[in-house]
Amino acid sequence: MSPVRLLFSDDFNSGDIVFRQIADGLTRQGYCVIPGALPEDISESLLSEVITDGTGHFKAAGVGRQDNYVQSHFIRRDNIHWIDGRTAAEQLWLQWTQKLQTFLNRELFLGLFSFETHWAHYEPGSFYKKHCDAFRGEANRIVTVIAYLNPGWMVEDGGELVIYREDSDDILTKVMPAYGTLVVFMSEEFPHEVQLAHKHRYSVTGWFRLNSSTEDKVDPPK
158 MSPVRLLFSD DFNSGDIVFR QIADGLTRQG YCVIPGALPE DISESLLSEV ITDGTGHFKA
218 AGVGRQDNYV QSHFIRRDNI HWIDGRTAAE QLWLQWTQKL QTFLNRELFL GLFSFETHWA
278 HYEPGSFYKK HCDAFRGEAN RIVTVIAYLN PGWMVEDGGE LVIYREDSDD ILTKVMPAYG
338 TLVVFMSEEF PHEVQLAHKH RYSVTGWFRL NSSTEDKVDP PK
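Heads up: the sequence shown begins at 158 in this note's numbering, then just goes up one per residue.
Just so you know, these hints were derived from the structure itself, not from any lab.
Where hints are given, some of them may not hold.
Below 27 Å or equal to it, Euclidean Cα-Cα: the simulated BS3-like pairs (lysine-lysine) are [what the hints assert, rightly or not]:
hint, residue 1, residue 2
1, Lys356, Lys286
2, Lys356, Lys256
3, Lys286, Lys256
Label-pair distances were calculated between CB atoms; the ranges are [unchecked claim]:
hint, residue 1, residue 2, range
4, Gln178, Lys331, 31 to 39 Å
5, Gln352, Pro308, 32 to 40 Å
6, Asp326, Phe266, 30 to 38 Å
7, Met311, Gly268, 15 to 23 Å
8, Leu367, Gln248, 33 to 41 Å
9, Ile174, Ile232, 19 to 27 Å
10, Gly242, Glu197, 32 to 40 Å
11, Asn368, Trp239, 31 to 39 Å
12, Asp181, Glu280, 31 to 39 Å
From a predicted model like this one, the values you see are computed outputs, not experimental measurements.
Note that CB positions come from ideal geometry on N, CA and C, so glycine has one too.
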C-alpha cells in the first residue's frame, strides 16, 4: 500500500520541485525515476571523489546483517564503502538526503527516522541478482534512494536497474544508470536487480529507516 499524501500550498525552490516529483511518484505508483535530478554540484563532487580517491577502500558486498551476513558471488559482485560524512562530497549528499527526509515526512507522514548509505562500484562482469531491500513487516528500511554517477553511459554498457512488480517476474521498468539519475522506491514493495555491467559503474545508495530500536537492541546495528 503506497502512502497517502496531503497537499500543501508552500512555495517551492528547484530542489523542492524534485522532492515533489519524488513524493508524487511514491504516492502514485510506489517508485519514481528522474533523469538528471541530482543537483549538479552534488553529482560533480561525488564523481570527482570516487575518481580521484579510487575504490581501494571499497570491500566486497554481502547480504544480511550481523550473524546472518554472508558474501556470495552468486548473488552479488559489487563493492561498497559506507558513507559517514567524512568528506565534503559525502556531506553534500547527506545534507541533500536530510532535506528529502524532512520533505517526505512532512508530505507523506512516513515517520522516517534515520538514513544509512554507501557507495557502490560494479566492475565489468559484476551484477546483483533479484532481491528486496526489506521484507514486509520488518519495519526497517522504508524508502530506497539511488543516485547514479556515470557520464556517457550507453545501453550497450549494461548495468541496468530492473524493477519488478511485487511477487511477480513482470518488469515495471528498466533504468540506465546514467549520470545524475535518481531512483526512489518503497523498499518493501519492489524486487529489483542490477544486470551485468560491461564497464565500471558507480552509484550511491541509501535507505530511510524507522526507529525500531529497543532497550536491548539498536537498529540499525552499528
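Results of checking the hints against the structure:
no., hint, verdict
1, Lys356 <-> Lys286, "18 Å, holds"
2, Lys356 <-> Lys256, "32 Å, violated"
3, Lys286 <-> Lys256, "31 Å, violated"
4, Gln178 <-> Lys331: 31 to 39 Å, "19 Å, violated"
5, Gln352 <-> Pro308: 32 to 40 Å, "19 Å, violated"
6, Asp326 <-> Phe266: 30 to 38 Å, "33 Å, holds"
7, Met311 <-> Gly268: 15 to 23 Å, "40 Å, violated"
8, Leu367 <-> Gln248: 33 to 41 Å, "24 Å, violated"
9, Ile174 <-> Ile232: 19 to 27 Å, "37 Å, violated"
10, Gly242 <-> Glu197: 32 to 40 Å, "20 Å, violated"
11, Asn368 <-> Trp239: 31 to 39 Å, "20 Å, violated"
12, Asp181 <-> Glu280: 31 to 39 Å, "36 Å, holds"
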